[in-house]
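Novice: Sequence:
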Amino acid sequence: MHDSTLRDSFGGLTAFIVVAREKSFTRAAARLGLSQSAVSHSVRALEATLGVRLLARNSRSVSATEAGERLLRTVAPQLEEIDAELLELLDLRDSPSGTIRITASDHPIRTVFAPKLKRFLPQFPGIKIELSVDNGLIDIAAEQYDAGVRLGESVAQDMIAVRISSDIRFTVVATKKYFRNRVMPQKPDDLMAHNCVNLRLPTYGGVWPWEFENCGRQMNVRVVGQVMYNSIYDCVDAAVAGLGIAYVPEDLAQPYVRAGHLVPALDEWCPLWTGYHLYYPSRRQPSGAMALLISALRQQL
1 MHDSTLRDSF GGLTAFIVVA REKSFTRAAA RLGLSQSAVS HSVRALEATL
51 GVRLLARNSR SVSATEAGER LLRTVAPQLE EIDAELLELL DLRDSPSGTI
101 RITASDHPIR TVFAPKLKRF LPQFPGIKIE LSVDNGLIDI AAEQYDAGVR
151 LGESVAQDMI AVRISSDIRF TVVATKKYFR NRVMPQKPDD LMAHNCVNLR
201 LPTYGGVWPW EFENCGRQMN VRVVGQVMYN SIYDCVDAAV AGLGIAYVPE
251 DLAQPYVRAG HLVPALDEWC PLWTGYHLYY PSRRQPSGAM ALLISALRQQ
301 L
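Numbered according to full-length UniProt numbering, the sequence shown terminates at residue 301, and the numbering increases by one at each position without gaps.
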């Protein structure tokens with residue numbers, strides 16, 4: 001029996017089971033929402049496919065033959081399991097579930113995801129979020145992530161990108177004590193004479209260059225220093241501890257600047273970057289759970 005013939009038999013199986021249980025084509029047709037002739041045709045087609053009679057018909061009643069009883073006993077429970085599973089899948093439309101794997105650096109995980117997941121997750125208990133901290137620019141498809149997070153300028157053109165944060169500015173900071181016996185940098189190149197706190201990108205093992213812009217002029221400076229971290233939060237802590245100059249998100253540095261623990265430098269060279277974007281391959285249709293998460297992350301931008 002060909003696969004296509006088997007697939008065509010499913011409708012006949014359902015019709016047969018209902019007729020055998022109702023012992024009536026009329027009542028079976030009413031239950032199935034079909035015409036009596038359509039039900040009769042489905043059962044006859046199934047009998048023709050199998051080469052055996054499944055129902056004994058007379059003018060007064062319908063009953064299952066020996067072959068029909070065997071089919072009813074063995075197949076009906078399996079079809080009921082299939083029906084139950086399909087109903088559960090339909091319920092997922094109203095109660096989305098599944099695990100969403102996302103890779104991002106520690107900054108958006110703490111500042112964007114943490115506060116919004118606090119409200120999102122209790123609403124959808126069937127959804128699980130797996131967040132992997134990685135400051136590198138990994139291949140999300142190869143690493144089997146559902147999505148990644150980067151600054152807007154860093155997202156590849158073949159990806160669908162959704163903004164999930166406002167614009168971000170990085171700032172150059174150090175303690176007053178650090179600058180007490182040193183000349184404050186006036187331009188990015190001056191940083192080469194300073195002890196700077198570096199950030200390593202774990203994926204590729206490279207060191208993140210400090211990016212600057214002023215009056216349309218862009219500069220990337222690969223600074224040097226005695227300490228290096230793979231977390232931007234550790235870079236902030238190092239600057240506060242007086243270990244050197246750090247290049248960090250302004251929102252992380254501002255509390256220490258206001259408290260007088262850190263002093264900003266090169267303000268006119270620190271550009272505003274397009275905020276964090278959640279991105280995923282354009283060929284991939286986001287799941288219902290992912291669509292809900294995107295909507296939650298975009299709120300109150």
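It is worth saying that the hints were derived from the structure and are not from the lab.
Just so it is clear, the structure is predicted and the values come from calculations on it, not from any experiment.
Treat the hints with care, as some may be off.
Said to hold, decoys possible - Calculated lysine to aspartate or glutamate pairs in the EDC-like style (CA-CA distance at most 20 Å, straight line):
{"no.": "1", "residue 1": "K176", "residue 2": "D267"}
{"no.": "2", "residue 1": "K23", "residue 2": "E47"}
{"no.": "3", "residue 1": "K116", "residue 2": "D106"}
{"no.": "4", "residue 1": "K187", "residue 2": "E268"}
{"no.": "5", "residue 1": "K176", "residue 2": "E250"}
{"no.": "6", "residue 1": "K23", "residue 2": "E66"}
{"no.": "7", "residue 1": "K176", "residue 2": "D237"}
{"no.": "8", "residue 1": "K23", "residue 2": "E80"}
{"no.": "9", "residue 1": "K176", "residue 2": "D158"}
{"no.": "10", "residue 1": "K177", "residue 2": "E85"}
{"no.": "11", "residue 1": "K176", "residue 2": "E153"}
{"no.": "12", "residue 1": "K116", "residue 2": "D251"}
{"no.": "13", "residue 1": "K187", "residue 2": "E66"}
{"no.": "14", "residue 1": "K128", "residue 2": "E143"}
{"no.": "15", "residue 1": "K23", "residue 2": "E85"}
{"no.": "16", "residue 1": "K187", "residue 2": "E250"}
{"no.": "17", "residue 1": "K187", "residue 2": "E211"}
{"no.": "18", "residue 1": "K118", "residue 2": "E130"}
{"no.": "19", "residue 1": "K176", "residue 2": "E130"}
Novice: Work down the list of hints and note, for each, if the structure agrees.
Specialist: How the hints compare with the structure:
Taking the CA atoms of K176 and D267, the gap is about 16 Å. The hint holds against a cut of 20 Å. With a C-alpha separation of about 17 Å, the suggested pair K23 and E47 falls inside the 20 Å cut-off, and the hint holds. At roughly 15 Å between alpha-carbon atoms, K116 and D106 fall within 20 Å of each other, so this suggested pair holds. Taking the CA atoms of K187 and E268, the gap is about 9 Å. The hint holds against a cut of 20 Å.
Pair hint K176 plus E250 holds up; C-alpha atoms about 17 Å apart against a cutoff of 20 Å. The hinted pair formed by K23 and E66 meets the criterion: a straight-line CA distance of about 15 Å does not exceed 20 Å. Distance restraint check for K176 and D237: the Cα-Cα separation of roughly 15 Å lies within the 20 Å cut-off, and the hinted pair is therefore satisfied. The straight-line distance between the Cα atoms of K23 and E80 is roughly 19 Å, inside the 20 Å bound, and the hint therefore holds.
Annotation: proposed proximity of K176 to D158 is violated, straight-line Cα distance about 45 Å (limit 20 Å). This hinted pair does not check out: K177 and E85 have alpha carbons roughly 67 Å apart, beyond 20 Å. Restraint check: the Cα-Cα separation between K176 and E153 comes to about 33 Å, which exceeds 20 Å; the hinted pair is violated. Taking the CA atoms of K116 and D251, the gap is near 17 Å; set against the 20 Å cutoff, the hint holds.
Distance restraint check for K187 and E66: the Cα-Cα separation of roughly 93 Å exceeds the 20 Å cut-off, and the hinted pair is therefore not satisfied. With a C-alpha separation of about 18 Å, the suggested pairing of K128 with E143 holds against the 20 Å cut-off. Between the alpha carbons of K23 and E85 the distance comes to roughly 27 Å, so the proposed pair goes past 20 Å and is violated. Our distance criterion of 20 Å between C-alpha atoms is met by K187 and E250, whose separation comes to about 18 Å.
A threshold of 20 Å between alpha carbons decides the hint, and for K187 with E211 the separation of about 12 Å falls inside it, so the pair holds. This hinted pair checks out: K118 and E130 have alpha carbons roughly 14 Å apart, not beyond 20 Å. As the CA atoms of K176 and E130 are separated by approximately 40 Å, the hinted pair breaks the 20 Å bound.
In the structure shown, a violation is registered for the earlier hints numbered 9, 10, 11, 13, 15 and 19, in ascending order.
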